[in-house]
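Trainee: Here is what each chain is made of, one letter per residue.
2 protein chains.
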Amino acid sequence: MENTYPSQLLEKAVCEFSKLPGIGRKTALRLVLDLLRRTEDEVDGFASAVTRLRKEVKHCRVCHNISDTDVCPICSDRRRDTTSICVVENIRDVMAVENTQQYNGLYHVLGGIISPMDGVGPSDIEIDSLVERVAAGGVKEVILALSSTMEGDTTNFYISRKLAAYDVVISVIARGISVGDELEYTDEVTLGRAILNRTTMTNKQ
Amino acid sequence: MENTYPSQLLEKAVCEFSKLPGIGRKTALRLVLDLLRRTEDEVDGFASAVTRLRKEVKHCRVCHNISDTDVCPICSDRRRDTTSICVVENIRDVMAVENTQQYNGLYHVLGGIISPMDGVGPSDIEIDSLVERVAAGGVKEVILALSSTMEGDTTNFYISRKLAAYDVVISVIARGISVGDELEYTDEVTLGRAILNRTTMTNKQ
Chain F
1 MENTYPSQLL
11 EKAVCEFSKL
21 PGIGRKTALR
31 LVLDLLRRTE
41 DEVDGFASAV
51 TRLRKEVKHC
61 RVCHNISDTD
71 VCPICSDRRR
81 DTTSICVVEN
91 IRDVMAVENT
101 QQYNGLYHVL
111 GGIISPMDGV
121 GPSDIEIDSL
131 VERVAAGGVK
141 EVILALSSTM
151 EGDTTNFYIS
161 RKLAAYDVVI
171 SVIARGISVG
181 DELEYTDEVT
191 LGRAILNRTT
201 MTNKQ
Chain G
1 MENTYPSQLL
11 EKAVCEFSKL
21 PGIGRKTALR
31 LVLDLLRRTE
41 DEVDGFASAV
51 TRLRKEVKHC
61 RVCHNISDTD
71 VCPICSDRRR
81 DTTSICVVEN
91 IRDVMAVENT
101 QQYNGLYHVL
111 GGIISPMDGV
121 GPSDIEIDSL
131 VERVAAGGVK
141 EVILALSSTM
151 EGDTTNFYIS
161 RKLAAYDVVI
171 SVIARGISVG
181 DELEYTDEVT
191 LGRAILNRTT
201 MTNKQ
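Quick note, the sequences are listed as chains F and G, same order. According to UniProt numbering, the first sequence is numbered sequentially starting from 1. According to UniProt numbering, the second sequence is numbered sequentially starting from 1.
The hints are simulated quantities; they were obtained by calculation from the structure and are not laboratory data. We treat Cβ as the ideally placed atom computed from N, Cα and C, and that holds for glycine. Among the hints, erroneous ones may be present.
Unchecked claim - Computed far set for chain F versus chain G, every beta-carbon distance over 12 Å:
#: 1; residue: Leu36
#: 2; residue: Gly45
#: 3; residue: Ala47
#: 4; residue: Thr51
#: 5; residue: Ser67
#: 6; residue: Ser84
#: 7; residue: Arg92
#: 8; residue: Gly119
#: 9; residue: Ala135
#: 10; residue: Lys162
#: 11; residue: Val169
#: 12; residue: Ala194
#: 13; residue: Ile195
Stated by the list, open to error - In silico SDA-like cross-links for lysine to any residue, where the CA-CA straight-line distance does not exceed 20 Å:
#: 14; chain 1: G; residue 1: Lys12; chain 2: F; residue 2: Asp41
#: 15; chain 1: F; residue 1: Lys19; chain 2: G; residue 2: Asp187
#: 16; chain 1: G; residue 1: Lys12; chain 2: F; residue 2: Asp68
As the list claims (entries may be wrong) - Here are the simulated distance ranges between beta carbons:
#: 17; chain 1: G; residue 1: Gly45; chain 2: F; residue 2: Leu183; range: 46 to 56 Å
#: 18; chain 1: G; residue 1: Gly22; chain 2: F; residue 2: Thr82; range: 34 to 44 Å
#: 19; chain 1: F; residue 1: Thr154; chain 2: G; residue 2: Pro21; range: 51 to 61 Å
#: 20; chain 1: G; residue 1: Asp70; chain 2: F; residue 2: Arg38; range: 17 to 27 Å
#: 21; chain 1: G; residue 1: Thr149; chain 2: F; residue 2: Arg38; range: 51 to 61 Å
#: 22; chain 1: G; residue 1: Ser48; chain 2: F; residue 2: Thr186; range: 48 to 58 Å
#: 23; chain 1: G; residue 1: Met201; chain 2: F; residue 2: Thr186; range: 49 to 59 Å
#: 24; chain 1: G; residue 1: Asp41; chain 2: F; residue 2: Arg38; range: 17 to 27 Å
#: 25; chain 1: F; residue 1: Ser171; chain 2: G; residue 2: Thr149; range: 28 to 38 Å
#: 26; chain 1: F; residue 1: Thr149; chain 2: G; residue 2: Arg37; range: 42 to 52 Å
#: 27; chain 1: F; residue 1: Arg25; chain 2: G; residue 2: Asp81; range: 27 to 37 Å
#: 28; chain 1: F; residue 1: Gly24; chain 2: G; residue 2: Met201; range: 38 to 48 Å
Take the sequences, apply the hints, and build the full model.
Mentor: Here it is as structure tokens:
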């Protein structure tokens, strides 16, 4: 496919699109040809949305979520419970937790997860600023909502050690079988954890 | 998912990406967040590749393939056989035929296919200019390489009628079972056509 582009401009655009995650050259070509069918204004709108986002978007100075303002809408929302901080890896996780509508506290976006394999250590992610937030007082609970992976567990452990000196409850989101899952198709590690972390029926809502 | 974007700029960019074919809001968000992790120069490069393509790309005035120049590299290539024109629906089809390395003639890109359901009639696609090319002389064969659909068949029929007056061979690419296909899984229409259009073994290469 490489040498058959009839136009250098087309090849360049396809090349740029295929740098995006999960987009191969065939998909990139389809997307680029779709853009080519639009008006110049529409294409300018597409391009400027991307460049403006990159140039103008900020990170909330409290929780590091992305935001149009210095402090993000969640951190500046007075209706939210400021005594609770939910620690997540990235802003997609913030959106995932928000979508559950089960949480009304604040967030702390680490911007990554401790992963020695990828060269990401504790100082590369926003752990110090989390400790500062807790040290500043007013926080009663830190909820660790990281992925259920080796890296997630490592990061959970590191954060819990860092916060051990403070008078704050540290909790981890429950691991168990997914809602709707059938037992026989659940992997044994998950099922084992679900048995260990069983809840008594009277506690159930 | 709609109301939980922490930033208007993010939402705008996600919205623009999700207008692309086959890209939903979740994928759009993943692509946008990937762009957000790059340098400003890289994002500018991405955006300018798209806008430059839209502004500067031309269509070959002979075959209507897209091109950086007035006449595309294929039409201006002296090594190609100018007596043969392969008629295709769009430039992706040109690239598909080129990739086979089985064809050394010229192309004619219709820019669509006759489809009354979608309001596309013969005058909406580049049929008149094809007739002009044939009328100008020098063409011995017109190969119709359109999709094997109702619309493709209609367009084939229309073009063959339009070219009936000229001394030119009109051929249609072979329809049959795909290479590697097993007979029992081939649909009956395709298999029926393959039997009707059988070739004698001595003709086989």
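Trainee: Taking the hints in turn, state whether each one holds.
Mentor: Against the structure, the hints come out as follows:
no.	hint	in the structure
1	Leu36	violated (6 Å)
2	Gly45	violated (7 Å)
3	Ala47	violated (4 Å)
4	Thr51	violated (5 Å)
5	Ser67	violated (5 Å)
6	Ser84	holds (18 Å)
7	Arg92	violated (7 Å)
8	Gly119	holds (16 Å)
9	Ala135	holds (25 Å)
10	Lys162	holds (26 Å)
11	Val169	holds (26 Å)
12	Ala194	holds (27 Å)
13	Ile195	holds (33 Å)
14	Lys12(G) x Asp41(F)	holds (15 Å)
15	Lys19(F) x Asp187(G)	violated (38 Å)
16	Lys12(G) x Asp68(F)	holds (12 Å)
17	Gly45(G) x Leu183(F): 46 to 56 Å	holds (51 Å)
18	Gly22(G) x Thr82(F): 34 to 44 Å	holds (42 Å)
19	Thr154(F) x Pro21(G): 51 to 61 Å	violated (40 Å)
20	Asp70(G) x Arg38(F): 17 to 27 Å	holds (23 Å)
21	Thr149(G) x Arg38(F): 51 to 61 Å	violated (25 Å)
22	Ser48(G) x Thr186(F): 48 to 58 Å	holds (49 Å)
23	Met201(G) x Thr186(F): 49 to 59 Å	holds (57 Å)
24	Asp41(G) x Arg38(F): 17 to 27 Å	holds (25 Å)
25	Ser171(F) x Thr149(G): 28 to 38 Å	violated (58 Å)
26	Thr149(F) x Arg37(G): 42 to 52 Å	violated (20 Å)
27	Arg25(F) x Asp81(G): 27 to 37 Å	holds (28 Å)
28	Gly24(F) x Met201(G): 38 to 48 Å	holds (39 Å)
Of the numbered hints listed earlier, those contradicted by the structure are 1, 2, 3, 4, 5, 7, 15, 19, 21, 25 and 26.
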